[in-house]
Every structure is written in structure tokens, then in C-alpha cells.
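A.B. asks: With the hints as your guide, set chain X onto chain V.
Read off the chains here:
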Amino acid sequence: MTDESPNGSGRVRITSPLSSAPPHVRSTVGQEIDEATGVGEVYMQSLIRSQLRAAMTVAITLLLTVVSLPLFFSWVPGLNDIRVLGIPVPWLVLGGGVHAGVILLGWLYVRHVERVERLFALLVEPGDTRP
Amino acid sequence: MSPTWGIVAVALVSIATLAIGAFGLRISRTTSDFYVASRSVSPALNGSAISGEYLSAASYLGIAGLVLIHGADMLWYPIGWTAGYLLLLVFVAAPLRRSGAYTIPDFAQVRLQSVAVRRVSTALVVAVGWLYLLPQFQGAGLTLQAVLDAPRWVGTVLVAVIVTLNVVLGGMRSITFVQAFQYWLKVTALLIPLMFLLLAWSRDGRPSAQAPTDWWVPLGDASPESVYSTYAVIVATFLGTMGLPHVVVRYYTNPDGHAARRTTLIVLGLVSVFYLLPTFYGVLGRVYAIDLIDSGRADTVALELPSRLIEGTAGELLTALVTAGAFAAFLSTSSGVTMALAGVVGQGLSNHAPWRGRLSSIAALRIAAAACVAVPLVLAFIAEPIPVASSVVFAFALAASTFCPLLVLGIWWRGLTSAGAIAGLIGGGICAGAAPFVTLALEVEGWWGTLMSQPAVWSVPVGFGLMVGVSLATRARVPANVGRTMVRLHTPERVQVDRRF
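Top to bottom, those sequences are chains V and X. First residue of the first sequence: 1, per our numbering; consecutive thereafter. First residue of the second sequence: 1001, per our numbering; consecutive thereafter.
This is chain V alone, in the form it adopts within the complex:
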């Protein structure tokens, strides 16, 4: 714009923004969180609540399945007579089945909370397109 002036005189026009006007405030969610405003608190609370809910879901699932197994075994006799591949069912469940269930639960949990965190990041920094 400076050197393409039609007569090549080298004249430059200088314009300035309205420096006396108050700056346009657009606080990002990140700033809201940093300044611990009401909005920032709401965002943080919702993140922490959803993470805690996921954790409690896993813990309660564990309580209802694995932790109740001893009671189940003591109330239901005769389970040992049921055999799969020659191995009594309780031994299969305790020796390997529970471990597989625990891994599955962990995998589902990680998948869920990683998605929650991705959504939270998108909420706070909408322009961020990192995977």
C-alpha cells in the first residue's frame, strides 16, 4: 500500500485506531478460569463433576460385581459342580474372568474421560484443532 501509490511520490497515509475508545473485552473461558470468575467456576465444577461421576460409576460397578462375589459364592452352593473345560466355574471366574472384566472396565473408563477432556478443551479453546 505504501509503494504502490499511483504517482510514486512515496507519500504514506497513516491511519490510527480509535485509541481513546475502551478496548473490546472478550474474555476466553481460559481467562475466566484463571481469574476464578463465576463463569470459570461453573466450567471447572462441571468438569470435575463429570470426572467424578465416571470414577464413581466404575467404583460402583466394581462393588456390585466383583465385591459381591464372595457373598454370591457363600449363598449359592454347588457352583463348583459346574465345570467348563474341566475347571470349576468359581476357579475360572476368580482365576481369570475377574481380571478380564477389570481390564475392560478400565479401558471403557479411559475412553470416556479422554472424550470428556477433549470436549472440555474444545469448549475452552474453540479454535484448537489438535486431535
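Hints in this document: simulated from the structure, not taken from any laboratory. Don't take every hint at face value.
Said to hold, decoys possible - One side of the interface only, derived from the structure: several residues of chain X facing chain V at Cβ under 8 Å:
| no. | residue |
| --- | --- |
| 1 | T1004 |
| 2 | A1083 |
| 3 | F1091 |
| 4 | G1269 |
| 5 | R1494 |
Said to hold, decoys possible - To spell it out: a stretch of chain X is covered by chain V in this simulated footprint if at least three of its residues, at any positions, have a beta carbon under 8 Å from a beta carbon of chain V; those stretches are:
| no. | segment |
| --- | --- |
| 6 | 1049 to 1059 |
| 7 | 1226 to 1240 |
| 8 | 1249 to 1262 |
| 9 | 1319 to 1326 |
| 10 | 1477 to 1491 |
The C-beta atom is built at its ideal place from N, Cα and C for all residues, glycine as well.
C.D. replies: Chain X in isolation, oriented as in the chain V frame:
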């Protein structure tokens, strides 16, 4: 049996451990390398390292011994030791990493802004660590005695010396490589002999284990006391894992919270694969080595089986392989615990009078490591040996009653105060720490004996209750910056917020 192969196996494991440690030393330069491997360990390596360190003699030899004696009910030990990681994953892993502290006392101080909490948790870390080291040292002595006919002190002293050297020379960076190597060694050393044992067993006509119904059926005797004992193991192991100092300290070596979660998932897989194996040894032991129960040597069943089923050099080689794995188990867990203790105590040494400024933090770590090994080493010679798996559960119960409430409430509840934390740590610590010793000393029998010797079922609620109750009573003393701490603990690293305290 001639002990030659066993000596070769133990020597090879020792040399490999020191060599890998020396390799780590070449790349350990900074304080951060020494304490947390500069926070740059990848999930796959860290997962192997955590599993290697976690699978102690209690898992490697102890479970087979317990299954041999008590049968199906003992399968709760490996389940608890696995599920503990699931609860660690969901409640603690990522926030703990994001807290950015080195150790549990660091976390306590950062979260609660109190030096007093720091001191109490330092003392408890040392207590849990010593409870954990003691059976490892004793077990090492018993193992070398069983396999090599060596006097008991040989194995104990050998493990203590190698562990101290490794921590002193290389710190966390070299320990990480050593631990990862030892996980794979332990799996191999149980898996390969097991295949030969199963082959020999099926050639033998697949004899069935001779055992009463009680042994076969979970809770076979259906008494309330055995139900209580099962739940005591479940509570202690499920909740204790997240509070073990040597496990927690490894989480700070992850690069970020995502990596901390991935690491835990990998650990869940690796630990579960390992725990498939000892059960087989226990059951085969019931077929071929039932005399070990009466002679009180059930913990050595995995070491005895290969030479009983397979004759000649092949049997001796397989015994040597199992011995190598057992020795790796003693070394890796002891190294991990010592490293965690040295990290905690070393920080205290270098930051406090009268040494402040005169002792570099690496020198402090080295002095602390030597001191932390010396005490359980002396105790190992004084104390009577007890079955390794059950004595490790004391350490789990103590961690579950103290550090589990501290971490869970500290991460998820804004209302925790320093007074509440101290009350819970001391109250839970006394219940879980003192009760078993009182039982042993007074020989309490019956229901009271069961309740006191396996305190986790009631001591964990005491720890939680005291922390919540006293915190509510001292509500005015909630740290002013708790909001900022919560932001730091819970926001993913990719979100750019102010993470200063």
C-alpha cells in the same frame, strides 16, 4: 539337588541388574533424572516398570504358597492387587500426575499448604516402605536357603547391597530400565517352567489334586470369619494400591495425565497376565508337593515343583529359571520401595536444617537410600519370618487407611483441611499399624483376633471418617487457594490455564 545352576541364575540376574543400572547411570545427569527420570518415561516402558516393581515376592512365590495351603479363597489376593490399579486409575492417576509434585508428602503440602501434614505423611511413607521391605529381605534369605543351601543372611544381604548400589548410583532413571527388564524376566521365569510342568503332569495321567471340599470351594466352610477375612483382603488390596509410595512415585515419571492413564491401563493388562500363572503352581503343588504344607515351606512351592516333576539337568535348569525370577522379584520391589523412600527422605534432608544448602539433593538421595535399607535389614534378622503374602497385606492395609483417604479426598473434595488430614493419617495409621502387632503380642483369639489381625475393613472407614469429620469441624481453615489447586489437578494439560499455585 546341586546348587550350581541356581548360583549361576542368581549371579546372572544380579549382574544384569547392575549392568542395566550402570547403563542408566550414563544417561542420568540432573536432579530431575535422579528423582523422576525427568518425567519423560513413555507409557509402554513405564507400564512394564510399574508392573516389574509391583510384582513382589508376595506375588511371585506367596500366592502359589497360599493357594497350596488354603485353595480357592486365596485367589482374592491377585484380584485385589489387580483391581487396586483400576481404582487408582479412576480416582488418582491423572490428577496426581497433574499436581506436579514428586512424592505423597509433596502432594499433601501442595494441596493443604501445611508443613505439618508433610511431616506426618513422610513418617507414614517410611513406615509403609519398611513394612514392605522387611518381608522382601526375609524372603530373599529363605529362597536362597531353599535353592542354594546358603545361610539365610546371604540372600538378605545380597538383595540389600544390590538395591542400595542401584539407587545410589543411578536413581530413578536407571531403576526404570531395571524394573521393566525384571517384569519380563518374571513372566518368562514362571511361564516356561509351567509349560514343562503341565506337559509332565499330563504325561503322568493328569492326577487330580487331593484336597478337601473347603479347599476347592470359595468360602467352603461358610463361616462368618472367613467371609470377614475375604473382605479384609479385598478392602486392603483394592484401596491400598493407590497409597503405596513406590507405586505413586512412578506416576510422577509420566509426561502428563493422559500418559498416566495409558500407563495404568498397560499395567492392568501386564499384571493380569502375570497373575494367571501362580495359581497353576499352587494347584500343581497340591498334587505333587503337599508335604510342604506340613513342613511350613509352602512359599517355596514354585521353586520345588520343577525338580520334583522333571528329572535330571532339565529339572535343575527350570528350577534355576524360577529362582532367577524370584530373585528378580525381590530386587525389583526392594529397589522401587527404596527409591520411593530415598526420594521422600532425601528431599527432607536437603531442605531442612542443619544441612540446608550444604548437602546437594543428589547426595541427600544417596544418604537417604543407605539409611532406608539399613533399618529393615536389621529388622529382617531380628523378626520372625511370616508368610510373605500375608505380611505384605499389612503394608497394604496401612496405606489403604492413610494415603487412600488423603489422596481421594484431597483430589475430589474442596473441604479437606490440614487438621482433618493429620487426624485421619494418624488415626487410620494407628488403627491399621498397631492392631496387627497387638494381636501378635497378646495372642488374641476368636472374633476379636480376626478383627484385630485384619483391620482394613474398619480402619479404612476410621481414616476417611476422621478426615471428613475434623475437616468439617475446622471448615475455616480450608486453604485459600483450593480453587486454583483444583484447576491444576483437573484441567487437561492441553488447555492453557494458569497452573501456578
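A.B. asks: Evaluate each hint against the coordinates.
C.D. replies: Against the structure, the hints come out as follows:
1. Interface hint at T1004(X): violated, since its Cβ lies 35 Å from the closest Cβ of chain V, which is beyond the 8 Å cut-off.
2. With a cut of 8 Å, the hint placing A1083(X) at the interface with chain V holds, because the nearest CB-to-CB distance is about 5 Å.
3. Given the 8 Å rule on beta carbons, the hint for F1091(X) holds: about 5 Å separates it from the nearest Cβ of chain V.
4. Because the smallest distance between the Cβ of G1269(X) and any Cβ of chain V comes to about 6 Å, under 8 Å, the interface hint for this residue holds.
5. With its C-beta approaching chain V no nearer than about 5 Å, R1494(X) sits inside the 8 Å limit, and its interface hint holds.
6. Chain V is given as covering the segment 1049 to 1059 of chain X, and this is violated because 0 residues of the stretch bring a CB closer than 8 Å to a CB of that chain, at least three being needed.
7. Given as covered by chain V, the segment 1226 to 1240 of chain X passes the check, having 5 residues with a CB less than 8 Å from a CB of that chain where 3 are the minimum.
8. With 3 residues having a Cβ less than 8 Å from any Cβ of chain V, the segment 1249 to 1262 of chain X passes the three-residue criterion, so the hint holds.
9. For the segment 1319 to 1326 of chain X, the stated coverage by chain V is violated: 0 residues have a C-beta nearer than 8 Å to a C-beta of that chain, whereas at least 3 were required.
10. Figure legend: the segment 1477 to 1491 of chain X, annotated as covered by chain V; annotation consistent (6 residues with Cβ-Cβ distances under 8 Å, at least 3 required).
Of the numbered hints listed earlier, those contradicted by the structure are 1, 6 and 9.
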